[in-house]
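Chain residues, written in single-letter form:
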Amino acid sequence: MDPLRQSPSPCSSRPSSPRTPPCETLGYVGIEAVLDQLKIKAMKMGFEFNIMVVVIEEKGVKLKLTVTDTPGFGDQINNDKCWDPILGYINEQYERYLQEEILITRQRHIPDTRMHCCVYFVPPTGHCLRPLDIEFLQRLCRVVNVVPVIARADSLTLEEREAFRSRIQHNLRTHCIDVYPQKCFDEDINDRILNSKIRRGQPFHLIPCLQDRIPFAVVGADQEHLVNGRCVLGRKTKWGIVEVENMAHCEFPLLRDLLIRSHLQDLKDITHNVHYENYRVYRLNESHVLPRGPGWVNLAPAPTDPPATPGPWKVRRRAHDSSDEEC
Amino acid sequence: MDSLAAPQDRLVEQLLSPRTQAQRRLKDIDKQYVGFATLPNQVHRKSVKKGFDFTLMVAGESGLGKSTLVHSLFLTDLYKDRKLLSAEERISQTVEILKHTVDIEEKGVKLKLTIVDTPGFGDAVNNSECWKPITDYVDQQFEQYFRDESGLNRKNIQDNRVHCCLYFISPFGHGLRPVDVGFMKALHEKVNIVPLIAKADCLVPGEIRKLKERIREEIDKFGIHVYQFPECDSDEDEDFKQQDRELKESAPFAVIGSNTVVEAKGQRVRGRLYPWGIVEVENQAHCDFVKLRNMLIRTHMHDLKDVTCDVHYENYRAHCIQQMTSKLTQDSRMESPIPILPLPTPDAETEKLIRMKDEEVGEMLRRMQEMLQKMKQQMQDQ
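First to last, the sequence lines map onto chains V and L.
Mapping of the first sequence onto the UniProt record's numbering: position 319 corresponds to residue 319, and the numbering continues sequentially without gaps.
Mapping of the second sequence onto the UniProt record's numbering: position 378 corresponds to residue 378, and the numbering continues sequentially without gaps.
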C-alpha cells in the first residue's frame, strides 16, 4: 500500500465500499503530509529500530502512522534477552508520555508516541511456537497489544495452516499469553458478542469474519498483477498468482480490517487505559510517592532496565468478573 | 623410420602409425586383443552383488521441510513414527543425533541408506555452539573408521562416515544467518556440505535468483568450502557439459518437498496443492528438486564418497597421526592404534638404480614425443 496515496488510484482493488465503517475521528491536526524517516540505533547486539512516519489522508480524515521495524530480531546465534531493546523502547514511550502528563502546565494534546499495537510475525514452520516466540510473547503481551500473525503463509497449504493455527492457539493458552483482542477487556455486552464472534467466528455479515482466526495467516506483496482484468496486489509464481486481498488465498484482509477498519480506536483505548495506566502505577509505586492533588508528582528517575512484568492486568474500564482472567 | 631403433621405439611406432593400425584390423584381432576392457563390467557386477552404502546427514532449523525432502528424494517414509516435540518440550531441548537406516533396492541394485538427522539444531533461544554435537558425531565416525582400518581384521569394515550433509537455509531471511555460517565453518573441512534453500515455494523467481546470489557471495566472503562439483572431462559430449554447467549455476538448489500426490493437468504428480495453483516437485520450472536428486543419487553419489574418503577422512587421519606422534615424543608409553615403523632409507645402490630407471623412462617419453611430431609432419605434407 503506497502510504503517499491521497485517494484510491484507479488501479486500486480497494474501492471505497459503502459498507466500510468510516474511520473515527482521530484528532490529529496540523501535521503536514511529510514522509520522515528516522533511524534510532538502540543498545547492544547491533540492534536497530527503523522508524518511519507518514501521514495519510482519506476522505478528510488524517492519520499519522508511525511504523517501527526491528531488523535483526532473533537473528543472532544467542538470542537471549533480544527482547530487552524492544521492551525498553516501548516503556520509553510510556515514560515520555508520563513525563508530559505530570507537568504543571502541560500541552493540550500530548504528543502520543506510545505503541498502540505490535504485530508479531511467527515463521511458518508448520509445527508450533518456537521457544523464542514464547519468551517474547509472554513478556510483550503484558506491555502492549500484540497481534500475532503467521507470516509468509504462502508456504503452507490450507490444511497445514489450520493445524498450525490450532497448535499456536494451544501454545498461547498453555503459556497464558493474552493476545489482542484480550478477553478481559470486553466493555459491555455488545463488545463481548462482537469480540467473541471474532474469537470464535460466527459469520456476522456486517463485520468480516474473524473466526477464531488469530493468528491470521498473511501474505504481503508490493507488486500489482493483472488477474481476470483486475489489478491486484500479489506474488507471481510459476504455478499461479497469490492474491493478497483474496480471502480464499490468505487472511490479509482480516488483519487489515482488524487493525484499521474496526479496531483502530480500540487499540488506542486499551493502550491508554490499560497498558499505560499499568506502567504509570508501576512507576508511581516505584517512587513511593502517590500523587498529591492536582499537578505535582515527584517521580524517581526512569529505570535503565525495562521493568519486569508490571503485574497482572488491571482492568480500568469496568469492574469485571475475575473469572475472566485466566492467569 | 630407423629400423635400428630400440625395441621400445618399434613398438611405439607400430602402435601410432596409421598404416599399421589399418593393417591391424585386417590381421587376426584376437592376437592383439588382451581383453582387460571387460574390467569395468566385472567391477559393475561385483558392486551390484555387494551393494552400495551411503550416509546422508540433514541439518537445519526445524520446520524447514527436511523430513519431507528426504521422503521425496528416496520415496520412503523414514519418519512415520516421529513424534514432534511440543512447544514446552522444545524449550529445554538439546541437539540430538538420530540415525535412520533403510535398505532400498532398484533394478537389482541394493543401497543401504543411512540418514543422520539433527533435531534441535538452531531451535533454542541461545544456540551457541549448537553444532558441537554434530561435529563430535562426524569425528566419532572418522575415529571409528580409523581404528577399524588400522586393526587386524579388516575384512568387514563398516563405513559409517558421513558422505554428504544437506544444509537447509531458511528462505525467510536475506541470506546466511550467523548460525548458518557457524555451522558450515565448523563442518566444511569434515564433510561435504551441500547448501539448499528450503521451502522455495514461498519465493517468486526473482527472489530466488537474488537469494542464491546473496548466499553465493556470503559463502565466498566467509571462506566456506562447500562441496564443489568436479569438472567435466574435456572429452564429454556437449549435452553433458551443458547439464554440468546448469548444475553449477543453480547452486545452492532451491528445493520443495512433498509427501502427497496431487492431480495436476490430468496427471498424478508429487506436489503441493494451494488455492492459487499446484506446485510440482519434479517440475524443473518450479524448483531444483530434480537437479538435487540427480546430483545426489544419479551422478555424484560416488564422487561424494570419494571426496569423503580421499579428502575429509585423510585430513582427519593426518591430523590424528600428527597429534599422536607429537604425543608419543612426549610420552613414550602412550598406546597407539597403528604400529609406527621407521621408513627404510634407500641405500646408495638402490638410489642409483632408481635414478637410472627414471632416466630411461624420460628418454622413452621424449622419443615418443618426437615420433608424434614426425607423424604430424607427415600428415601435413600429404
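Just to be clear, a hint being listed does not mean it is correct.
Claimed, not checked - Stretch-level coverage of chain V by chain L, calculated; a stretch enters the list once three of its residues show a Cβ under 8 Å from a Cβ in chain L:
#, region
1, 120-128
2, 276-282
What the hints assert, rightly or not - The list that follows gives simulated cross-link-like pairs (lysine-lysine, BS3-like), each with its CA atoms no further than 25 Å apart:
#, chain 1, residue 1, chain 2, residue 2
3, V, LYS238, L, LYS265
4, L, LYS291, L, LYS265
5, V, LYS236, L, LYS265
6, V, LYS238, L, LYS210
7, V, LYS81, L, LYS212
8, L, LYS110, L, LYS305
9, L, LYS210, V, LYS236
10, L, LYS49, L, LYS110
11, V, LYS236, L, LYS185
12, V, LYS238, L, LYS49
13, L, LYS210, L, LYS132
14, L, LYS212, V, LYS238
No lab work stands behind these hints: they were computed from the structure.
Quantities reported herein were computed from a predicted structural model and do not represent experimental measurements.
Idealized CB from N, CA, C, for every residue including glycine.
Hints, verified against the model:
1. Here's how the region 120-128 of chain V fares: 6 of its residues keep a CB closer than 8 Å to some CB of chain L, so the rule of at least three is met and the hint holds.
2. With 0 residues having a beta carbon nearer than 8 Å to a beta carbon of chain L, the region 276-282 of chain V misses the requirement of three or more and the stated coverage is violated.
3. Taken as a hint, the V:LYS238 and L:LYS265 pair is honoured in the structure, with Cα atoms around 15 Å apart against an allowance of 25 Å.
4. Among the hinted pairs, L:LYS291 with L:LYS265 is consistent with the structure: their alpha-carbon atoms are about 23 Å apart, no more than 25 Å.
5. For the proposed pair V:LYS236 and L:LYS265, the alpha carbon gap of about 20 Å is at most 25 Å, so the pair holds.
6. Distance restraint check for V:LYS238 and L:LYS210: the Cα-Cα separation of roughly 16 Å lies within the 25 Å cut-off, and the hinted pair is therefore satisfied.
7. Distance check on the hinted pair: V:LYS81 and L:LYS212 sit about 31 Å apart at the alpha-carbon level, beyond 25 Å; violated.
8. About 16 Å separates the Cα atoms of L:LYS110 and L:LYS305, which keeps this hinted pair within 25 Å; it holds.
9. Simply put, L:LYS210 and V:LYS236 have alpha-carbon atoms about 16 Å apart, close enough for the 25 Å limit, and the pair holds.
10. For the suggested pair L:LYS49 and L:LYS110, the alpha carbons sit about 8 Å apart, so the restraint of at most 25 Å is met.
11. A threshold of 25 Å between alpha carbons decides the hint, and for V:LYS236 with L:LYS185 the separation of about 35 Å lies outside it, so the pair is violated.
12. Taken as a hint, the V:LYS238 and L:LYS49 pair is broken in the structure, with Cα atoms around 44 Å apart against an allowance of 25 Å.
13. Of the supplied pair hints, the one linking L:LYS210 and L:LYS132 is violated, its CA atoms being roughly 31 Å apart against a limit of 25 Å.
14. A C-alpha spacing of about 18 Å is found between L:LYS212 and V:LYS238, which places the hinted pair at or below 25 Å, so the restraint holds.
Hints 2, 7, 11, 12 and 13 from the earlier list are contradicted by this structure; the remaining hints agree with it.
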